[in-house]
Amino acid sequence: MNEKVRRVLHVLGKSGRLLGALPLIVLGAGLGIALYWGLAPARPATTTAPAAGGNGQQQAESITWWTCSMHPEIHLPRPGLCPKCGMELIPEKAGAQDGMAGMRVFTTSENAKALMNIATATVERRFPTVEIRMVGKVDYDETRLSYITAWVPGRLDRLFVDYTGAVVKKGDQMVYLYSPELYSTQEELLQALKAVRDLQRSNVEIVRDTAQATVDAARGKLRLLGLSEEQVAQVERRGKAEDHVIIYAPVGGIVIHRNAQEGMYVQTGTRIYTLADLSQVWVKLDAYESDLIWIRYGQKVEFTSVSYPGKTLTGTISFIDPVLNPLTRTVKVRVNVPNADGMLKPEMFVNGVVHSKMAAGGRVVDESLAGKWICPMHPEIVKDVPGKCDICGMPLVKAETLGYLTAATMETDKPLVIPVSAALVTGTRAIVYVEGPDPAKPTYEGREIVLGPRAGNYYIVRRGLSEGEHVVTRGNFKIDSALQIQAKPSMMTPDGGGGSSVHHHGPATMKAGESQPAAGAELPAMFVQQLQQVLAAAGEAQDTAQGEDLPAVRAAFGELDQALKEVNPELVQGHPHMLWMELSMRLGNDAFEGKEARTITEARWLAKSLEGNASALRGWFGLGQAEQAASSAGEAVPAAFGKQLGAVFAGYFAMGKALAGDDAAKATAGLKQVADALDKVDMSPLAGEAHEAWMKHRIALSKILAPADEAKDLKRQRELFAPLSEEAASLARRFPPDRQDAYYLLRCPMAFEGRGAVWLQQSQQTQNPYFGAAMLTCGDVQEMICGQAATGSAPAARAAEQKHD
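Anchor point for the sequence shown: position 9 equals 6 in the numbering used here, and the numbering is continuous, going up by one each time.
Fair warning: there could be bad hints in the mix.
[To be verified] Taking CB as the label site, the calculated pair distances span:
#1 R198 with S276: 50 to 58 Å
#2 E226 with K166: 17 to 25 Å
#3 P306 with G424: 37 to 45 Å
No wet-lab data here; the hints were simulated from the structure. All residues carry an ideal CB built from backbone N, CA and C; glycine is no exception.
Build out the structure end to end from the sequences listed, making use of the hints.
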């Protein structure tokens, strides 16, 4: 086709009629580009339907299956309109033959690949290195601060060091102190010495011993009052008490504070001087919270100062503050730095750098500490064998206990990494595009993965990729845009449909026999049972996340992860297989992050994500009834309680109807009706587990309704209606309505700027409360919650009705 376009241009140019044929040229060029980029309608893809009476593996004649870009669960053998949204059905693309059968597969030509300038990189294992840059300043080493205090009450008649910053050596004169108490104690010593001399000729040994003990006690008292051994000896040699005494410096250092003045009277313990030993200083650096994963006790830090350009100094991390500064979102990192030459002075600004290698499991690789023993208080003390610290005497600990890798590194210790440019980041997760195995047919599959921290030019991959796969590093935005245009799930539209220019939200007329959901009699019973176990585990994880027991929440998400692993995707083929691969990826990411959640808030956020994905699983495979049966545990709702609960739902439905009609006043009335009905619910008909379940739901509803008085306008009411709807759906599943009633759970993927939201209705006709008249019919039925006499989810029930027709 491109050759034809070039010939047309050549002919028109030679004939001089280029200007008049401009519309034709534009049309031809546009068609050529569309073909190059792979965006033109593809030829009908074919798949093989299972032969009647076969086991699902036997193949019949090849036919074309059609699906909806907005509702991938639709699977029809002929073209037409989607029975849910009225959009034109599109042919399914057979991707299984290329090893990629997901919903996010994009196939193009070699020419289009070249035009898109696509480049790939290999997913590999390596120790990524990152530079953590921090700023800070020099400070005193608090462990090397000394204080000269008054050990005896008196008057400061002279301060030999009378200014701050003076350099003092050990033994220097500091203070000339007058002290009556010191004078009297000297007299006691002199009198005791005289008594010993007088009793030398005494024959009573006990008297001589008593006199000598008095001398020893007087000497000890003088030492306790601050006199040195030499000063006490001088008093004895002099034989005369002095009313003044000189206080000498017990250590050397810099005078950083002079706390007293000459002539002051001081009490015992009054601080006179503060000395700092600057032979070692602290450097306090500010580390951002996102960098803390790379920082460990005992790491070496290089830093520079503007005072000494071109000179690099080193120190050792000795402390990481356990408290985050809420204003700067930083943590103080303390570094011990030798300063024998006195270059570093307190309050100097410095720039520090930590070079860190990350291993699998969040450990740090440091060859100098591998297999070593280190002091937990003094990181500069590192030994090859266990023992005690030379400074503080504490037992040494293995470096591995402080987050370092063991001495023998293996290939499995290297984390899985991808280039930064390969990830389209959406939070802790990202979308990457994996290249197919056939180079002659460029195919790319979008995949949602769980990311670890960024390490320089790489991201650590926690889940979702395997070593040796090839990910797109250039051109991934173009692929994502192409999928968005085709209304398939992408980074910008995770649920699909948001980017399609043919996305309609009007009502659709459903003809009997047109809709065939992914679930139904064709699904193997074993596969359905495995999906039901997944839904039960997902419900348990969501319920547990509403509590405060974080270990229990992690365990519940772990059970979900195990249930997902027990699902055998080989039990289904074709369209159902494609749907399950998409959902298992999303649910698996929820389970993986949930079982490693660090806070209960994070776990609840993941429970919200899990709720949406579990809802899609119910809707796409028609498992609403199975999930409802699992949650209600076969226990009937007492009639008296059900009547009271019906009043709560009546207020909720009134609020939803008012929001769909853009009526804020009626929405306020409905909200008040919900609150009033909730206060009047008598839980006495309930017992055991049902009583406990209701208490949890009531507490959750009360928290949601707490700011109800402030919700006066439609915007605030709709923001409150979203969590209220989620809790109402959970409540309805646990306490189903009467046998003759049914509640329909709908979801609008465009609510709240694409985050999506759910709500309950009593009819299947969409009445969107989040957009009102602007997009009243935007939304799809995800699940039907019905009484015990009813059967089937919304898709399954529809299929049954159509089969009957």
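Query raised in the report: What hints, given by number in increasing order, does this structure fail?
Result: none
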